[in-house]
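Just so you know, the protein sequences line up as chains A and B, in that order. Those letters in the first sequence? Residues 3 to 301, per my numbering, in order. Those letters in the second sequence? Residues 3 to 301, per my numbering, in order.
Where hints are given, some of them may not hold.
To be verified - Simulated restraints, written as ranges between beta carbons of each label pair:
(1) B:ALA29 with A:PRO80: 47 to 55 Å
(2) B:ASN96 with A:ASN96: 18 to 26 Å
(3) A:TYR255 with B:ASN115: 50 to 58 Å
(4) B:SER169 with A:HIS113: 28 to 36 Å
(5) A:GLU298 with B:SER169: 38 to 46 Å
(6) A:HIS113 with B:MET299: 25 to 33 Å
(7) A:ASN96 with B:ASN115: 18 to 26 Å
No wet-lab data here; the hints were simulated from the structure. From a predicted model like this one, the values you see are computed outputs, not experimental measurements. Cβ coordinates follow ideal geometry from the N, Cα and C atoms, glycine included.
There are 2 protein chains.
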Amino acid sequence: MNRAELCNPQCLATFCVNRSVRDRVKADITEVQAVNPSFKPNLTLIQVGDRSDSSSYIRLKEKACIEAGIEFALKKFPDTVSQQEVLELISALNEDTSVPGILVQLPLPEHINESTIIAAVHPTKDVDGLHPVNVGKLVMRGEAPLIQPCTPKGIMELIRSTGIDPSGKQAVVVGRGDLVGAPTSLLLTSANATVTLCHTKTTNLVDHIKRADILVVAIGQPNFIQGDCIKPGAVVIDVGMNYVPDSTKKSGYKITGDVDYAAASQVAGHITPVPGGVGPMTVAMLMDNIVLSAKEMMD
Amino acid sequence: MNRAELCNPQCLATFCVNRSVRDRVKADITEVQAVNPSFKPNLTLIQVGDRSDSSSYIRLKEKACIEAGIEFALKKFPDTVSQQEVLELISALNEDTSVPGILVQLPLPEHINESTIIAAVHPTKDVDGLHPVNVGKLVMRGEAPLIQPCTPKGIMELIRSTGIDPSGKQAVVVGRGDLVGAPTSLLLTSANATVTLCHTKTTNLVDHIKRADILVVAIGQPNFIQGDCIKPGAVVIDVGMNYVPDSTKKSGYKITGDVDYAAASQVAGHITPVPGGVGPMTVAMLMDNIVLSAKEMMD
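Based on the sequences and whatever the hints tell you, model everything.
Structure, rendered in structure tokens:
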């Protein structure tokens with residue numbers, strides 16, 4: 003549990019939610035293996051190049067896999083690899099009946115088309131939930147993709163953990179990106195919230211935020227949302243992870259969210275801390291998706 | 003042009019917009035054929051059973067095809083046909099390089115799974131724009147499907163015809179169905195409107211509607227939206243097609259929209275009539291999609 007969670011009653015206990023998802027995944031694997039010892043959920047992660055931020059995220063995913071009892075394999079390509087070579091590996095993994103989960107770490111070098119790569123992964127092995135078929139099924143009523151994108155799925159789990167039912171609530175999502183904003187707005191609509199999706203062209207953002215019973219912010223601008231805009235009692239999910247210079251820190255920077263936590267936590271009913279809030283939930287949900295995919299393969 | 007269009011300056015000239023799309027499609031075909039005489043855009047429409055409403059819609063589509071210079075083929079199955087037989091025909095049509103457009107008339111009998119059928123049509127031949135891949139690409143920034151769903155595409159064309167740019171405007175979509183509400187909200191977001199998607203669980207619908215610079219209503223409830231809720235000057239797109247008993251009519255009913263047209267047209271800046279508004283645009287956009295698909299196949 004981090005400092006914010008310990009000190010502030012409004013702070014969402016993301017540590018506990020995260021822990022409970024990971025424990026559930028681990029228990030689930032053990033339970034299936036008790037009946038079917040050949041059940042071996044595993045992830046093959048493809049990394050192109052050597053970005054240090056990507057490598058850090060990959061280490062977090064590897065650690066989470068090992069803790070959960072999920073086998074982890076890393077396939078590394080130099081950043082000079084051709085798109086065709088990456089596609090050939092994906093195609094081989096799609097065919098491999100012992101591999102339920104495939105994840106291509108983004109971003110990719112410029113000469114490789116991300117959309118082409120994402121669409122090449124078989125939808126039921128797409129444990130990131132970014133394949134167009136999986137995204138399309140988020141839109142369609144009565145259709146639910148086997149795999150939901152990890153961060154939005156984690157956000158919904160955090161909202162549910164507050165005990166507040168999104169049905170009939172006004173939800174405002176700020177940011178319309180493919181990874182968080184757009185798919186989160188779809189999941190909130192599926193949960194019967196009335197969703198307003200705001201973005202850089204929104205002219206009266208503060209008015210929308212003031213109405214939000216549930217506020218999700220994913221824009222990547224430190225402390226962009228002021229505390230006095232928050233509706234009293236709102237559930238605030240801050241997806242921002244911004245590195246801000248801070249000479250008092252040994253590293254020279256601190257990590258801050260898109261919401262002014264200090265002020266917003268005085269008003270919000272529940273608020274996620276940054277760091278330690280949504281980020282770890284994304285990894286937990288990846289574990290959940292790998293197990294879903296492995297079970298699907300077993301059927 | 004219908005009576006509403008002639009009598010009311012606020013009434014969107016949907017007849018003219020519709021005519022101009024159909025003329026453009028026809029001219030486009032003639033132009034391509036002048037260079038490439040083998041260019042033959044065509045539609046294969048699959049009908050299961052004999053619903054009279056489906057048959058009426060099919061006749062409208064056939065007529066529009068013929069007018070535009072698009073070949074039309076109808077494949078009829080009795081409503082006792084198995085899902086497998088329909089899938090086999092779709093598979094054969096997917097393989098057939100002389101067929102660019104495939105449309106399965108909905109609804110299907112209960113023993114046939116609509117989602118399975120829709121997903122079986124190859125995405126580039128899916129001229130209805132309902133395949134999950136095409137819907138998924140509506141969500142993803144920087145991705146645009148070749149084929150957009152016909153009604154939402156027609157709605158966007160009608161909005162553009164007013165000269166009003168959706169960018170930065172508040173759009174409210176009432177109804178979150180797969181065919182209209184949900185995909186229209188995605189197209190409006192792509193056009194940089196700030197979109198609120200309302201539905202049966204929305205608690206304060208009137209407040210949302212009062213804020214709407216652009217209002218799209220697709221709920222199927224006659225005159226559900228009262229004129230006094232409309233924001234002065236708003237663009238109102240009424241997708242409703244409701245059959246209401248009317249003893250003064252020879253048929254015994256009249257067709258009315260989801261919006262109280264008489265009152266709303268006193269307030270709105272632009273409003274679509276029902277009938278004659280969005281309906282014919284859907285057919286016009288189907289023609290446009292068939293030509294897009296035929297061109298894609300030629301490449």
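Structure-based check of all given hints:
no.	hint	result
1	B:ALA29 with A:PRO80: 47 to 55 Å	51 Å, holds
2	B:ASN96 with A:ASN96: 18 to 26 Å	20 Å, holds
3	A:TYR255 with B:ASN115: 50 to 58 Å	53 Å, holds
4	B:SER169 with A:HIS113: 28 to 36 Å	32 Å, holds
5	A:GLU298 with B:SER169: 38 to 46 Å	41 Å, holds
6	A:HIS113 with B:MET299: 25 to 33 Å	28 Å, holds
7	A:ASN96 with B:ASN115: 18 to 26 Å	24 Å, holds
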